[in-house]
Amino acid sequence: NAGVTQTPKFQVLKTGQSMTLQCAQDMNHNSMYWYRQDPGMGLRLIYYSASEGTTDKGEVPNGYNVSRLNKREFSLRLESAAPSQTSVYFCASSESRIRNQPQHFGDGTRLSIL
Amino acid sequence: TQLLEQSPQFLSIQEGENLTVYCNSSSVFSSLQWYRQEPGEGPVLLVTVVTGGEVKKLKRLTFQFGDARKDSSLHITAAQPGDTGLYLCAGASGTYKYIFGTGTRLKVLA
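Residue numbers (this note's numbering), protein chains in the order written: chain A, 32 to 145; chain B, 44 to 153.
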């Protein structure tokens, strides 16, 4: 029972490089989320997908793109990485058709941009 | 913009002491969740409170949702080293989104 799986766990990029963070959930959840976590700022929502086929911007979407590939998978792409995007990235999923359901989080991707 | 401020930001206490963490906003939330996060892991849900004035107990943890649904508190009785972690509150913003608080980092010393 894997829950939410994120790959890779660690990554170091140079400024200007691109990369895609992968996320997959095996709980048949409708909604998926991407957050970034920076010291003293809690979790900030980058993008979310309320259901398969839809995506919407969160609080801090600039510099990122997402793809809801299917119900299980939700990827986050950095087209041209910047040092300000150094952070820990978390993917989460929830069964949003039922109110007040918990979000289930992966263990994060630690991304450093030099 | 909805914001959730948590206080204190850091807390270091001795085993057996009591503590309270606060989560405050100027916005009304339809529900509020508390999560705990340990190093190297994602947050894990502790509780959801829905009704203004609601109090929920989870063993030594007591959660309260303010009457106006703008604030919440987490009280831990007789803290143990296993309570160490980052505590996050999250308010429901619409049907699909949650706004997370700034976090309280708790360290309980044996």
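A few of these clues could be false.
[Stated by the list, open to error] Listed next, the in silico DSBU-like pairs over lysine-lysine satisfying Cα-Cα at most 35 Å (straight line): (1) B:LYS99 / B:LYS113; (2) B:LYS150 / B:LYS100; (3) B:LYS99 / A:LYS88; (4) B:LYS113 / B:LYS100; (5) B:LYS140 / B:LYS150; (6) A:LYS45 / B:LYS100; (7) B:LYS150 / A:LYS40; (8) A:LYS45 / A:LYS88; (9) B:LYS140 / A:LYS40; (10) B:LYS113 / A:LYS102; (11) B:LYS102 / A:LYS45; (12) A:LYS102 / A:LYS40; (13) A:LYS45 / B:LYS99; (14) B:LYS150 / A:LYS102; (15) A:LYS88 / A:LYS40.
[Stated by the list, open to error] Under 8 Å between C-beta atoms, here's a sample of chain B residues computed to sit facing chain A: (16) PRO51; (17) TYR65; (18) GLY85; (19) PRO86; (20) LEU88; (21) GLN123; (22) THR127; (23) LEU131; (24) GLY144; (25) LYS150.
If you are wondering where the hints come from, they were derived from the structure by calculation, not from laboratory data.
Idealized CB from N, CA, C, for every residue including glycine.
Structure-based check of all given hints:
1. In summary, the hint linking LYS99 (chain B) to LYS113 (chain B) is supported, as the alpha carbons are separated by about 17 Å, within the 35 Å threshold.
2. Using a Cα cut-off of 35 Å, the hinted pair LYS150 (chain B) and LYS100 (chain B) holds, with the two alpha carbons roughly 21 Å apart.
3. Simply put, LYS99 (chain B) and LYS88 (chain A) have alpha-carbon atoms about 33 Å apart, close enough for the 35 Å limit, and the pair holds.
4. Between LYS113 (chain B) and LYS100 (chain B), the direct Cα distance comes to roughly 20 Å. Compliance with the 35 Å bound is thereby established for this hinted pair.
5. Between the alpha carbons of LYS140 (chain B) and LYS150 (chain B) the distance comes to roughly 29 Å, so the proposed pair stays at or under 35 Å and holds.
6. With a C-alpha separation of about 47 Å, the suggested pairing of LYS45 (chain A) with LYS100 (chain B) is violated against the 35 Å cut-off.
7. Pair hint LYS150 (chain B) plus LYS40 (chain A) holds up; C-alpha atoms about 25 Å apart against a cutoff of 35 Å.
8. The hinted pair formed by LYS45 (chain A) and LYS88 (chain A) meets the criterion: a straight-line CA distance of about 25 Å does not exceed 35 Å.
9. Taken as a hint, the LYS140 (chain B) and LYS40 (chain A) pair is honoured in the structure, with Cα atoms around 25 Å apart against an allowance of 35 Å.
10. As the CA atoms of LYS113 (chain B) and LYS102 (chain A) are separated by approximately 34 Å, the hinted pair is consistent with the 35 Å bound.
11. Taking the CA atoms of LYS102 (chain B) and LYS45 (chain A), the gap is near 47 Å; set against the 35 Å cutoff, the hint is violated.
12. Restraint check for LYS102 (chain A) and LYS40 (chain A): the C-alpha separation of about 22 Å stays at or below 35 Å, so the hint holds.
13. For the suggested pair LYS45 (chain A) and LYS99 (chain B), the alpha carbons sit about 47 Å apart, so the restraint of at most 35 Å is broken.
14. The straight-line distance between the Cα atoms of LYS150 (chain B) and LYS102 (chain A) is roughly 38 Å, outside the 35 Å bound, and the hint therefore fails.
15. Straight-line distance between C-alpha atoms of LYS88 (chain A) and LYS40 (chain A) comes to about 24 Å, which keeps the hinted pair within the 35 Å bound.
16. Annotation: interface hint on PRO51 (chain B) violated; nearest CB of chain A at approximately 12 Å, more than 8 Å.
17. Given the 8 Å rule on beta carbons, the hint for TYR65 (chain B) is violated: about 14 Å separates it from the nearest Cβ of chain A.
18. Below 8 Å, beta-carbon pairs count as interface contacts, and GLY85 (chain B) has one with chain A at about 3 Å; its hint therefore holds.
19. The interface hint given for PRO86 (chain B) is met, as the beta carbon of that residue sits about 5 Å from the closest beta carbon of chain A, less than 8 Å.
20. Against a cut-off of 8 Å between C-beta atoms, the interface hint on LEU88 (chain B) holds, since the closest Cβ of chain A lies about 4 Å away.
21. Look at GLN123 (chain B): its Cβ only gets to about 23 Å from chain A, farther than 8 Å, so that hint breaks.
22. Contact between THR127 (chain B) and chain A, as hinted, is not supported at the beta carbon level, the nearest pair being about 17 Å apart and thus beyond 8 Å.
23. Look at LEU131 (chain B): its Cβ gets to within about 6 Å of chain A, closer than 8 Å, so that hint holds up.
24. Interface restraint check: GLY144 (chain B) against chain A, minimum CB-CB distance 5 Å, threshold 8 Å, status holds.
25. With a cut of 8 Å, the hint placing LYS150 (chain B) at the interface with chain A is violated, because the nearest CB-to-CB distance is about 16 Å.
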